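For reference, the chains in residue letters:
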Amino acid sequence: MESFYGFVRDNEQVGVRNYLLVLSGTIYANEVVNRVAGTVPNAVGITHPLGRCQTRGDLRKTFNTLVGFGKNPNAGAVIVVEHYKEEGCTASQIAEEIAKTGKPVATVNIHDCGGTLEATTKTFRYALDFARKISTQQREKVAVDKLLLGLNCGTSDTTSGLAPNPALGKCSDRLIDLGGRSIIAETTEFIGGEDVLAERAVNQKVAQEIYRIVNNMEEEILAEGEDIRGSQPTGDNMAGGLSTLEEKSLGAIKKSGSQPIQGVLDWAQEPPSDSGLYIMDTPGHGGESITGIAAGGAQVLVFTTGGGHTISHPLMPTLKVTANEQSLELMRDTIDIDITDVFASGLSLNEAGERIYQEVLATCSGKLTKCEVLGEQTGMAIAREAPSV
Amino acid sequence: MSRRVFVIDEKDNVATVITDELKAGAEVQLEKPENKTVQLQDDISYGHKFAVRKISRGEKIMKYGMPIGKASRDIAQGEHIHTHNVEAIRARGDLVADQVE
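One line per chain: the protein sequences are A and B, in this order.
Take the first sequence: its position 241, counting from 1, is numbered 243 in this note's numbering, and each next residue is one higher.
Take the second sequence: its position 37, counting from 1, is numbered 52 in this note's numbering, and each next residue is one higher.
Just so you know, not all the hints are guaranteed correct.
Unchecked claim - From the structure, some residues in chain B lie toward chain A, with a derived Cβ separation under 8 Å:
1. I33
2. A103
3. I104
Quick caveat, the hints were computed from the structure, so don't treat them as lab data.
Here the structure is a predicted model, which is why all the values come from computation and not from measurement.
The beta carbon of each residue, even a glycine, is placed where N, CA and C say it ideally should be.
Chain B extracted, bound-state conformation:
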């Protein structure tokens, strides 16, 4: 059976999409949390992620049950998640440089 939408861990607040066919407005049923249905707010291209629930600015983005960064603004359920609304926490030399200045 074809598998195209992945929520890896129960703690995750994002799903990864392995198809180019999911467009804004589509209703996606998830395996985790069980049978939850999410309506997409954006087109989600191959390999990209969407929020499986509302995420507030500053909240950790969870994938593999681990933090992969934090929300740089409020994110709605079903919204595309990528560099425009998530930022890395680790190895941020730019933030160190800002503090020095």
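For reference, chain A alone in the conformation it holds in the complex:
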């Protein structure tokens, strides 16, 4: 049995971290959240500028994301703070969904408490209780089939499609062979590669879903009537030798490996418990795509990069891997896995995939990523479609 050491939750999901999550329901609760999460050991605060004056669809997206963070098995307990009850995204509606996992959840309403200082005190009191409660939980040996691995890429260049993406694909293939699950996202970066993905769909319905999300994304781009070159591919993509969106896409989808695609998920949607590879429909923006994946329940994510990256989700350890020697030199503080020997000395993609897989397991058993040590939390961005209203 291949295994790692994780925190087994009441619903039998397994966390690779045991955080006290302090969550803003709305933008105006952010400072209460920061005050408490910034003081309490092992607390993670997640704040954002949303939850107010959003269209119904976007508010639902925010709600699903916050609920998804709370349900993510890396959170051992959760406190949701709001300044006012925003119908459709209230702290108690968020908490009610999170409580289904069986983990301790509390809510704080700043208005009901009598102001920001009282709300801070109340949040601290919950934190005092929850932090001590979850601190007694020990890691246990569990099989790797409990893992949901996120697959993402960013600041890609032409090395990405040659080495780190196919190597990550090997890692994902192996995890799925052992009963685990993976999620690939970034729908923009399927444009030009959708035939390859659709061919791997488990059935015709899933193939049609793949074409549907790619067509929708392309239609949205065309509707803007813009030359998106410079945004997709990005300026750093083009400096790295990527000439077109299609070239970027065909490299990006290599990180999905070779397993069949079991289904297409909405933003922040948790995949079914069946082993296999899933697609999540997200924008190509890295912070948004990994946020969707974290809200979908992934405990860990591997982020491949050509030019180097600082991205890391606050709740989901985010391992960066590169094969580009120049980027490794320039961005070494935030790159965890070095596979530059693919080019320098002919390391095979199987061997590179194995190196990534072993680092994923070590991280899931508690090894810190570089970004975790440095407190880099640059990868939290909730996608939206409409303007604020």
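Using the hints, position chain B against chain A.
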């Protein structure tokens, strides 16, 4: 063994270079098509591509055995391939806008 020049698929008409050492005039031997030698027309920097054969304007640029765009002008064997002579086919909102105007 160090690997620095990649032609990924038999159908490809470009090679990707993972080194800063290939300058105009250099002769590069390829794995695909087997043992073909190409003389570079330009300096090719790290991560960039060159044409492994002559490509006509409008012809598809192939990498991974798939089209990544089309040639916006004639391209000689050994010439640097990038945004100055290749354009994307997909998600071109600018072309839709031109048609409307």
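Quick rundown of the hints versus the structure:
1. The interface hint given for I33 (chain B) is met, as the beta carbon of that residue sits about 5 Å from the closest beta carbon of chain A, less than 8 Å.
2. The criterion of a C-beta within 8 Å of any C-beta in chain A is met by A103 (chain B), whose closest approach is roughly 4 Å, and the hint holds.
3. At its closest, the beta carbon of I104 (chain B) sits 7 Å from a beta carbon of chain A; the interface hint therefore holds under the 8 Å criterion.
No hint from the list above goes unmet by this structure.
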